[in-house]
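Once you've looked at the hints, go ahead and assemble the two chains, each given alone in its own frame, into the complex.
Residues per chain, in single letters:
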Amino acid sequence: MRKFIDKIKPSFEKGGKFGYLHSTFDAFESFLYVPDTVTRRGAHIRDCVDLKRIMIIMVLALVPAMLFGIWNTGYQHSLAFGLTDWGFWNMVGYGLVKVIPLYLVSYIVGLAIEFVSAQIRGHEVNEGYLVSGMLIPLIVPADVPLWMLALAVAFAVIIGKEVFGGTGMNMWNPALLARAFLFFSYPSKMSGDTIWTAGVTRYLAEGKAYASGNGLVDSFSGATPLAHPSMDGLQAAGTSLWDMIAGIIPGCVGETSVIAILIGAVILIWTGVASWKIMLSSVVGGLAIGYLGFATGVTDLPGYYQLVMGGFLFGTVFMATDPVTAAQTETGKWIYGFLVGALAVTVRLFNPGYPEGMMLAILLMNTFAPLIDHYVVNGSISRRAKKFKTA
Amino acid sequence: MSNNIDLKKGLDIPISGAAAQKTAKVTVPGTVAVKPTDFRGLKPRLLVREGDKVLAGSPVLADKESPDILFTSPVSGTVTEIVRGEKRKLLEVRIKADATQEYLEFAVGQVANLDADQVKSLLMKAGLWPALVQRPYGIIANPAVKPKAIFVSAFSTAPLAADMEYVLRDEFDDIQTAVNALSKLTDGGIHISLNADNASGTPFHKLENATFHTFSGKHPAGNVGVQIHHISPIMKGDTVWTISPVMLAAIGKFLNTGKYDMSRLIAVTGPKAIGPAYVKGLPGMSMRDLKEFYDNSGSDIRFISGDVLTGTNVGEDGFLGFFDNQVTLIKEGNEHELLGWAKPFRTKQFSTSHTYFSWLTPKKKYEMDTNLHGGPRAFVMSDVYSKVLPMHIYPVYLIKACLAEDIDKMEQFGIYEVLEEDLALCEYVCPSKIEIQSILSDGISLMMKEMA
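Residue numbers (my numbering), protein chains in the order written: chain B, 1 to 391; chain S, 392 to 843.
Chain S with its partners taken away, still in its complex shape (with noise of 0.2 Å):
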């Protein structure tokens, strides 16, 4: 525990609407979505048609690349739509559920005594597997490969991120069943980041067979990719798996029940939602589920499965996500403001930047909104994004490699080590308003182009 990782660099986004820790609902599962488009890169094949009855753990998607990984239904009911977008790209498989949940019953057996190789096809067949994430790229872990370590990050910095420790508060059982499990798919081990602030004393540092690494700072400290960067660093040829500490409780949870039960806390947050607190909900719950939170008589609310940095515009109509444990509820800023650039103040917006005087009050909470604040430019100022960014990485040369599509320069200015998560604040500071996850996003679908 000595060797603490101190981050200096990074920004916690004073944005208002934390959620209450208490559970403020628990939501009867109305429809609920399978969505492949929350995995990047993977190419769906469709197991059910419309009308199919399917019980929760019953697969639903297969991975055309990888036939055994399997993506099953978190509820018992009735397939009732597939959604479709562009080019019969597939979005959603929306399942009604029914009143009565019934779970398919997987037969375990003993953790201790199962191999690797046991433990791969149970969470395969149980829809589990995709819960572990491949860096570089942050794909689907690939089943065939033996990751050089598995990282965990035990707690959050996203703006109004759940409290990891509230959430999984009688869960750590299962999480250490996972652990133990999962350390046998790799000889590096488990890695798990404790928050500095809280590392003797959290239920996470007594957990066995791992090994902890402690950070403090802003965010993204929490980010497994900033952790990872400074534990082992991703070169060329390695590959690392990370796993959310909500997953370990997942596959935990399914390894000593046999059930595939994805019931999880989440946090219902932002300046919009009525409340804050958090839900017991599944991922791919609708959010109209959460309608005690929210008010959306004007249609101004954006709906975001995660949080404001990196989570998903799914709309009132959408879904949770399958990695989120958390609603973001922000007004869509589509107002004119006048004069905004040249007013000495504007005490109801923050920046990080001193040409405001947001810095005279360190206290305040904003009630932001979606408006972009700007026009896009091209990069002018060179130094503010190595401020938001704990890494030894150069961003803006990086984002430049990737939009010059040159895979040399990206490989050389760390396109392995970074996911657009890990740069998002980069994207949120910038004065030129660049699209510096999305740019990112595209370079890496390069990469995996391009190196396969």
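Pulled out of the complex, with its shape left as it was, chain B reads as follows (with noise of 0.2 Å):
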């Protein structure tokens, strides 16, 4: 393989036969093999740790909350349905059908404008969009038209990405922005009650689901707990508690479980990929805003109520958290995760047209990262510029 690879090589050089293709060469030898490079400058060691590890246990951390997502998109079909004789290993065939082809478009489509891109620059590809293709197909619906999907990382990731100069130089979180652009440019497909059971979609536009032969049960809604954000309307849709926190319930692929999204979350702060700092005051911002909503009559709902519903927690754990768009100070760490917090339940509480507010949290406190690490910055600065004048 090694031999192959060293064959093949000078042909992928600067004026080689596919010397264009150098980037894409690069990116897969790099993929196979970590690089023969020696440090040239400065330190003459450098630790073994590089951004694909990092982002490798990122991607590691997704996994749970994917698989659950998997088997809960092909378990709320049977129910929709009234799929009673359907097994484990049925929902999970369902929802691979579901979701595989997500994570194909993700990918082909994410990877194809990283790899062109890298090439006009003469860059190494970078590993970013591993994570961003991951997270995509986790937080949109698992109906959602393949083509639509399509266009959507095409934009996040020219628009959101490459045109600030790729990974690393982004304003704001690649994955969300992708779900942005579905929400306000396909707002018939990214809201309402029916989109949030696979199959339901085609059911409704063809008369027919995947299982054919059963039509929707009578009780279905289709809605998810944000929809109807009140004890009444939990209790009378039949969700509980544990229902939220296991994850048993119609939403995005990936951001059901309250149990996946907490072992990714442990991964996360174990390894360091991720702050805990920003977790823990994103879930704290949650808490405030949510209990004061509950105090002052807004919701009846207790604040860790709105934890647990939507996706507050996926987006806390793994897009509030992403190192790039967030807040880079240790200060405006905590700030920055506390307004995340605040604002999505804000946003749940006081527009019901927008029931998931953690996108649009997370997108705004994106654009303020910088402002608030300026203002820390600043600040640490000039009080340390006075303790020396004085002293």
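Treat the hints with care, as some may be off.
[What the hints assert, rightly or not] With beta-carbon atoms standing in for the labels, derived distance ranges: (1) TYR186/B / LYS734/S: 37 to 45 Å; (2) THR752/S / ARG383/B: 34 to 42 Å; (3) THR752/S / VAL59/B: 19 to 27 Å; (4) GLN235/B / THR738/S: 51 to 59 Å.
[As the list claims (entries may be wrong)] From the derived model, a few chain S residues whose C-beta atoms are all more than 12 Å from chain B: (5) LEU437; (6) ASN504; (7) GLY649; (8) GLY766.
[What the hints assert, rightly or not] Straight-line C-alpha distance at most 20 Å; calculated EDC-like pairs for lysine to aspartate or glutamate: (9) LYS386/B / GLU802/S; (10) LYS575/S / ASP508/S; (11) LYS399/S / GLU330/B; (12) LYS387/B / GLU802/S; (13) LYS3/B / GLU726/S.
These aren't lab readings, by the way, just hints derived from the structure by calculation. We put the beta carbon where it would ideally sit given N, CA and C, even for glycine.
This is the structure in structure tokens:
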């Protein structure tokens, strides 16, 4: 294998037959092998961690949510269509049929754009999209049309990332940008009660579902808990707190299960890949506003319900913590996280038109993160300057 | 001694090959080199030609900008070669040593009776003035200014660094002489920072005429820049000088004997060093004089004058730097590793990151090599750098200001307080493999140009 790569390598070098594909070749080579480059200047030894390792840990942390999402897609489908004879593997099988195409589209479109833009710039291909590509299918409804998804991915990668210079330079979390694009461009496909359960859209349009024969069961509502965020509403839908924690509710593919997300959170915090400060302060912010709303009668749900409904926790753990678009200073992280949580719940409580406030809250705070950092850094510098002027 | 400054941030890199505390060899000088590249920003004027005879202490180079500052030969012998690089930049003056060493005799007189100007002119004549490093920027001290204070770090925390107390154990009288003489050059006094582990037991503590501070913590707690940051930060317009204990000993020896005798104990270290130990040698000595310590038959050893974080790659034909008392031998890591980044375990590699499992074996030492372990990327992780930098500085902001060549921002983010060595660990841990030291170096060069 190594010999083969060394043999074909020269034709991909500058001036070689396929010189224009240099970045692409390099991406595959460095994916397979840690490169043989040695330090030239500065420190002669380097830590063996690199961005590939960090990104793969992030992907790993998303796996529990993805696996659960695959099962839940099938489970919700079987509920909606009254498929009482479906066992575990039926549900997983149906989930795979629904989710794998989302992944294929996400990765093929996203990576293609990454490769092309790396090629144009002559850079190495950045591994950032491995994570974005993993995230995007988890935060869209399973029924989203694939062409829409492709468009959203293209928008997010080109406008959200590459125009700024690629991973590390982007302002907004690319995965959320893809979701925002879908949400605002195709609101009918991204909100309402019928989109969250796989197969329902097709049933309504064509009168048939994947498993033919059954129609929708009479009691099907399909709405996520966020659509009726009150005690009565939840009770009418038969959704218990435990359902929401376990995640056996309709929703985006990967966002429903609190347990699966927490497994991911533990991995991220332990490895230090994502900031626990942002996660904690976001939860605190969400609880604070949640309880404020509860106390003032805006909602009859205690604050902790806000954490387990919708995409709050998923956003807190996997998206608000994106090291590029979050605040970079340690103090800034506390402020940023708190505001993400607080804003997300505020949007939920006061704007029924946008039941999912998390996406908007994070994108908004991404925008303001540099400002927060600016004040934190300046504050620290001027405090220090004052201290030594008087001393 | 009560005010110990405990630095929580930092990292001791667990690299194998520490030098055993014994002097394995006294090298006989063969060919030595005087290297103007050891000094930042020096524009050298050559004072010798090929074939000239020199004594130990004879001038070889002078500073074009202040011609009184001389650089002298550490041996007596014949100038054999003048090595130039691109644009005829002077790189090395190679001198072949004679069999018997003769020293130029300097008339020093009684140290106690010397005034500041006499101390300065003696040190400049003898080639020892360049031992004083001026901050900001880490350049040769300007004899025309009076520094705020002079700082000395009595211990080194750098990877595999020589044990100061061991290498200087017979030279504390000389160090005292040097401290006495240098204290005449500043009103702020000589500040010596001790390792808190052995603050009261160390011979440094018995020195007179100095102010003591103690520090504890991992590398870079022993870096003089970090210590100054906590003792008395360098603000805009300040000038301080720093000097290493090894150089203090050389200055003291010169003032006591009138000879330019630079011989010092040098730690030969690193995973590729066979029987790592100390040798007696000179600055400018050839790496080939250490041939007992390595087997370079595979041509895969990197010869570093200094430590693995900040040293210079000099190659097997290279020479020890003026300031260095350590040689590190490590393997060139020019090998591919199949799916290295994706393996759950890489037991032969060390990482500070918990994404690997080397935290399970905190005592283990690693045979590190020069592999970069990844490709260069943009800044992504924001919190890894401050964990190894015990200073109130935002390293990412400073480096970005250097990249943007924004003088105001560089000033604001603390460029006056740092040298490359202080941010070397940030470079080591950087998962984006950004060359932080060389970016900072360019930033400092720019500052010197713009502020001159």
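A quick look at each hint next to the structure:
Separated by about 42 Å at the C-beta atoms, TYR186/B and LYS734/S satisfy the suggested range of 37 to 45 Å. The supplied range of 34 to 42 Å is met by THR752/S and ARG383/B, whose beta-carbon atoms lie about 40 Å from each other. Checking the proposed 19 to 27 Å range against THR752/S and VAL59/B shows it holds: the Cβ atoms sit about 26 Å from each other. Between GLN235/B and THR738/S the Cβ separation comes to about 55 Å, which falls inside the hinted range of 51 to 59 Å.
For LEU437/S, the shortest C-beta to C-beta distance to chain B comes to about 27 Å, beyond the 12 Å cut-off, and the non-interface label holds. Listed as a non-interface residue, ASN504/S keeps its Cβ farther than 12 Å from every Cβ of chain B; the least gap is roughly 37 Å. No Cβ of chain B comes within 12 Å of the Cβ of GLY649/S; the nearest lies about 39 Å off, and the non-interface call holds. Distance check on GLY766/S: its Cβ comes as close as 5 Å (rounded) to a Cβ of chain B, failing to clear the 12 Å threshold; non-interface status is violated.
Between LYS386/B and GLU802/S the CA atoms are separated by roughly 16 Å; this keeps the pair inside 20 Å, and the hint holds. A C-alpha spacing of about 9 Å is found between LYS575/S and ASP508/S, which places the hinted pair at or below 20 Å, so the restraint holds. Straight-line distance between C-alpha atoms of LYS399/S and GLU330/B comes to about 16 Å, which keeps the hinted pair within the 20 Å bound. For the suggested pair LYS387/B and GLU802/S, the alpha carbons sit about 17 Å apart, so the restraint of at most 20 Å is met.
At roughly 13 Å between alpha-carbon atoms, LYS3/B and GLU726/S fall within 20 Å of each other, so this suggested pair holds.
Of the numbered hints given earlier, the model fails hint 8 alone.
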